[in-house]
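Student: Listed here are the chains, written in short residue letters.
Protein chains: 2
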Amino acid sequence: MYEVKVKIGLKKGISDPEGANTLKALQLLGFMTVKEVKTIRTVDLLMDGKNKNDVKNKAEEMCQKLLTNPVIHTYDIEIIEK
Amino acid sequence: MYEVKVKIGLKKGISDPEGANTLKALQLLGFMTVKEVKTIRTVDLLMDGKNKNDVKNKAEEMCQKLLTNPVIHTYDIEIIEK
Numbered sequence: 001m002y003e004v005k006v007k008i009g010l011k012k013g014i015s016d017p018e019g020a021n022t023l024k025a026l027q028l029l030g031f032m033t034v035k036e037v038k039t040i041r042t043v044d045l046l047m048d049g050k051n052k053n054d055v056k057n058k059a060e061e062m063c064q065k066l067l068t069n070p071v072i073h074t075y076d077i078e079i080i081e082k
Numbered sequence: 001m002y003e004v005k006v007k008i009g010l011k012k013g014i015s016d017p018e019g020a021n022t023l024k025a026l027q028l029l030g031f032m033t034v035k036e037v038k039t040i041r042t043v044d045l046l047m048d049g050k051n052k053n054d055v056k057n058k059a060e061e062m063c064q065k066l067l068t069n070p071v072i073h074t075y076d077i078e079i080i081e082k
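Residue numbers (the working numbering), protein chains in the order written: chain F, 1 to 82; chain S, 1 to 82.
Worth double-checking, as some hints may not be accurate.
Identical copies carry no separate label here, and so any pair may be met within one copy or between two of them.
Each computed EDC-like pair below joins lysine to aspartate or glutamate, with the alpha-carbon atoms no more than 20 Å apart [to be verified]: (1) K65 x E36; (2) K52 x E18; (3) K12 x E81; (4) K65 x D54; (5) K5 x E78; (6) K35 x E60; (7) K11 x D54; (8) K52 x D16; (9) K56 x E18; (10) K82 x E3; (11) K50 x E36; (12) K38 x E3; (13) K56 x E36; (14) K56 x E3; (15) K82 x E18; (16) K24 x E81; (17) K11 x E60; (18) K5 x D44; (19) K12 x D48; (20) K7 x E36; (21) K11 x D48; (22) K5 x E61; (23) K38 x E60; (24) K50 x E18.
Just so you know, these hints were derived from the structure itself, not from any lab.
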């Protein structure tokens, strides 16, 4: 069994309205030391596979087909054997 | 300057409809080896602070006031000095 962590962030130059609004809200609450807020989604998968390489290829395919939008997202795949 | 990563997940027993729907969609696409999908949000903050402890306390306060809902979320704070 493998645990696959797919971290999905935004490409440079793509606006992050959720992050911007969180920053605004934190500053309104008095947290003036916060300078920047970014939001990242992580999809945590539990899957079977022959080996780490096979799992990595499957995860790449999932990212391209469903998990991310390649126009705006960057992603990073981390695989942990269980 | 400190980078603060706040990982926000769901408490045990709280349903994760986004994860459940992602699992369903992946299986419909033929990825039958995927057994479980969980979604985690990470809020990545860049902030000033006197020391690591001060930053940690501020981050805890932010989690309780704005970033998380303590009824359904668990969170984990990681601090990196920059």
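Student: So, for every hint listed, does it hold in this structure?
Tutor: Results of checking the hints against the structure:
Taking identical chains as interchangeable, the C-alpha atoms of K65 and E36 lie at most 20 Å apart only when they sit on different chains, with a minimum of 18 Å there against 31 Å within one chain. For the homomeric pair K52 and E18, neither the shortest alpha-carbon distance inside one copy (34 Å) nor that between copies (26 Å) is at most 20 Å. Proximity of K12 to E81 under the C-alpha cut-off of 20 Å is found in neither arrangement, the shortest distances being 31 Å within a copy and 23 Å between copies. Taking the shortest alpha-carbon separations for K65 and D54, only the intra-copy value of 17 Å comes in at or below 20 Å, while the best inter-copy value is 43 Å.
For the identical chains of this complex, K5 and E78 are neighbours both inside a copy (5 Å) and across copies (17 Å), given an alpha-carbon limit of 20 Å. For the identical chains of this complex, K35 and E60 are inter-copy neighbours only, at 17 Å across copies versus 33 Å inside a copy, given an alpha-carbon limit of 20 Å. Taking the shortest Cα distances, K11 and D54 never come within 20 Å of each other, neither inside one copy (27 Å) nor across copies (31 Å). Neither within a single protomer nor between protomers do K52 and D16 lie at most 20 Å apart by alpha-carbon distance, with minima of 33 Å and 27 Å respectively.
In this homomeric assembly, K56 and E18 never come within 20 Å of each other (Cα to Cα): the closest approach is 30 Å inside a single copy and 22 Å across copies. In the homo-oligomer, the alpha carbons of K82 and E3 lie at most 20 Å apart inside one protomer (7 Å), although the nearest pairing across protomers, at 30 Å, exceeds that limit. In this homomeric assembly, K50 and E36 come within 20 Å of each other (Cα to Cα) only across copies, at 17 Å, whereas the closest approach inside a single copy is 41 Å. Taking CA atoms no more than 20 Å apart as the test, K38 paired with E3 passes between copies only; the shortest distance there is 11 Å, against 25 Å inside one copy.
For the identical chains of this complex, K56 and E36 are inter-copy neighbours only, at 16 Å across copies versus 32 Å inside a copy, given an alpha-carbon limit of 20 Å. Taking the shortest Cα distances, K56 and E3 sit within 20 Å of each other inside one copy (11 Å), while across copies they are farther apart (29 Å). In this assembly of identical chains, the alpha carbons of K82 and E18 never lie at most 20 Å apart, being 34 Å within a copy and 24 Å across copies at closest. In the homo-oligomer, the alpha carbons of K24 and E81 never lie at most 20 Å apart, since the shortest distance is 40 Å inside one protomer and 23 Å across protomers.
Taking the shortest Cα distances, K11 and E60 sit within 20 Å of each other inside one copy (17 Å), while across copies they are farther apart (28 Å). For a Cα distance limit of 20 Å, the shortest separation of K5 from D44 qualifies both inside one copy, at 5 Å, and across copies, at 17 Å. For the homomeric pair K12 and D48, neither the shortest alpha-carbon distance inside one copy (33 Å) nor that between copies (23 Å) is at most 20 Å. Both within a single protomer and between protomers do K7 and E36 lie at most 20 Å apart by alpha-carbon distance, with minima of 19 Å and 16 Å respectively.
In this assembly of identical chains, K11 and D48 lie within 20 Å of each other by CA distance neither inside one copy nor across copies; the values are 30 Å within and 25 Å between. In this assembly of identical chains, the alpha carbons of K5 and E61 lie at most 20 Å apart only when taken from the same copy (14 Å versus 27 Å across copies). When the C-alpha separation of K38 and E60 is checked against a cutoff of 20 Å, the pair qualifies only between copies, where the shortest distance is 17 Å, while the shortest distance within a copy is 23 Å. In this assembly of identical chains, K50 and E18 lie within 20 Å of each other by CA distance neither inside one copy nor across copies; the values are 38 Å within and 27 Å between.
In this structure, the hints that do not hold are numbers 2, 3, 7, 8, 9, 15, 16, 19, 21, 24, in rising order.
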